[in-house]
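Participant: Sequence:
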Amino acid sequence: MSGPTELELAGQVIELVRRLGGPTAQAEAVVTRADLALTRFANSAIHQNVAESTVGVRLRLHVDGRTAAGSASVVTADGLRALVERTLTAARLCPPDPGWPGLAPPAPTPDAPGVDEATAYAEPDQRADRVGAFVAAAGGLSTAGYCRTAHRSSAFANSAGHTAQGRSAEAAMDGIARRDGADGVARRYADRLSDLDGAELGAQAAAKARAAVDPVELPPGRYEVVFEPAAVADLLQNLSWYGFNGKRYAERQSFAEPGTAQFDSTVTLVDDPLGSSGLPFDAEGTGRRALTLVEAGTTRAVTHDRRTAAEAGAESTGHATAGAATWGPMPRNLRLSGAAAGPASPVGRSTTGTAAGAVVDTDTAALVAGVRRGLLVSDLWYTRVLDPKSLVVTGLTRNGVWLIEDGTVVRAVRDLRFTESYPRALGPGAVLGLGAREVRQPDRVDGVWWAAPSLRLASWHFTGGASG
Numbered sequence: 001m002s003g004p005t006e007l008e009l010a011g012q013v014i015e016l017v018r019r020l021g022g023p024t025a026q027a028e029a030v031v032t033r034a035d036l037a038l039t040r041f042a043n044s045a046i047h048q049n050v051a052e053s054t055v056g057v058r059l060r061l062h063v064d065g066r067t068a069a070g071s072a073s074v075v076t077a078d079g080l081r082a083l084v085e086r087t088l089t090a091a092r093l094c095p096p097d098p099g100w101p102g103l104a105p106p107a108p109t110p111d112a113p114g115v116d117e118a119t120a121y122a123e124p125d126q127r128a129d130r131v132g133a134f135v136a137a138a139g140g141l142s143t144a145g146y147c148r149t150a151h152r153s154s155a156f157a158n159s160a161g162h163t164a165q166g167r168s169a170e171a172a173m174d175g176i177a178r179r180d181g182a183d184g185v186a187r188r189y190a191d192r193l194s195d196l197d198g199a200e201l202g203a204q205a206a207a208k209a210r211a212a213v214d215p216v217e218l219p220p221g222r223y224e225v226v227f228e229p230a231a232v233a234d235l236l237q238n239l240s241w242y243g244f245n246g247k248r249y250a251e252r253q254s255f256a257e258p259g260t261a262q263f264d265s266t267v268t269l270v271d272d273p274l275g276s277s278g279l280p281f282d283a284e285g286t287g288r289r290a291l292t293l294v295e296a297g298t299t300r301a302v303t304h305d306r307r308t309a310a311e312a313g314a315e316s317t318g319h320a321t322a323g324a325a326t327w328g329p330m331p332r333n334l335r336l337s338g339a340a341a342g343p344a345s346p347v348g349r350s351t352t353g354t355a356a357g358a359v360v361d362t363d364t365a366a367l368v369a370g371v372r373r374g375l376l377v378s379d380l381w382y383t384r385v386l387d388p389k390s391l392v393v394t395g396l397t398r399n400g401v402w403l404i405e406d407g408t409v410v411r412a413v414r415d416l417r418f419t420e421s422y423p424r425a426l427g428p429g430a431v432l433g434l435g436a437r438e439v440r441q442p443d444r445v446d447g448v449w450w451a452a453p454s455l456r457l458a459s460w461h462f463t464g465g466a467s468g
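Take 1 as the starting number for the sequence shown in full-length UniProt numbering and just add one per residue.
One thing to keep in mind: the hints can contain errors.
Label pairs and their computed distance ranges (CB to CB) [what the hints assert, rightly or not]:
| # | residue 1 | residue 2 | range |
| --- | --- | --- | --- |
| 1 | Gly323 | Gly3 | 27 to 37 Å |
| 2 | Thr54 | Leu20 | 22 to 32 Å |
| 3 | Glu85 | Val55 | 12 to 22 Å |
| 4 | Gly79 | Trp100 | 25 to 35 Å |
Just so you know, these hints were derived from the structure itself, not from any lab. Cβ atoms here follow ideal geometry from the backbone N, Cα and C, with glycine treated the same way.
Just need the whole structure built from these sequences, with the hints factored in.
Facilitator: Quick look at the structure:
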């Protein structure tokens, strides 16, 4: 690699702050080189292959009791100087910041899993091979979606003498198959591109699309449900953003009550940033680590950056991100696991079955088998929070809903609107079964994933048809 390294660039920014801002200025800088690539397909053909390589610098500084942040993508000497100068100017115009928590002191950076070099430097034809396999496995159905890869190399430095550096790589695939206006979906997130099986995903999406034709209307009401991993991922995302967020907790806008049994005893939630090829430090240089948020149904913790930790009299949990002053620190790699409350596949056994009909894996099949009358739901979307304190969410189903009677999927159902409190739906006694296998689902934000098994819940409130 020619030119200065990420750590050298971060050090240059800190030195410029010392020279231009004076000896009392406190500063932290993060430099990230990112190689992002996306192969997109529609109408069963690749129509877009894009890639970008960028270098970005984020600077936050505190001077004369005021805090400001800035960013830049020009990393020449003049570009870095301009970044520091305009951020210092912004700080002078900002109001005083009495809650400034100070800088992270020097500390070792946790060990992180190694990066798969083949994924980091994947070629377009490797993504195209998976797209081709997805399309072929769909057996003539119309397909659409994407396969993406990402590689990041990042370094941190601050004026307290703390430095850190690390790399990450990821791959994801998300696709649908369509038949007669009915869609089926399959998506995965992985550390290695080689772990994405386009044929398996395409076969699953096609099987679900074929099973979703000719849906019937169902009346609104409360139904027992089996959620597949794609739907469970939406639960985890909203619990993360609104429930276990240290800023919202401090503002009393979170349902979280540490020490209280708020969830079913089968539920354990762990934020696991180093459970994959992720960066080992956050935006403030704090080491990232696994954090248990819910243990056997009891809420144990919320996430903190340095600011929210100082307000709470706690320590940062390594969840600082750019923009956290506005949005707050939140889990970004959440795993749902626990002892299965109903029949499910044994831990360690492969749970991927042959795609046939609406149910495409044995974990989900085991949960469906226990339902007398309820619904199988593939996916949730367009979810919006109505009340953050109780986390009441409204949204829609999509990509397949089916009626279950006496443990058998009997027919497709039209999409439904729901309004439900996510913590209530996962509360004590409400979880009737958890699949044994956690399937990582990609988020719209790179580097964010949700590890979700299939999930059986006693009650979910559907308020009407999707058009209502």
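Participant: Need the list of violated hint numbers for this structure, in ascending order.
Facilitator: Violated hints: none; all satisfied.
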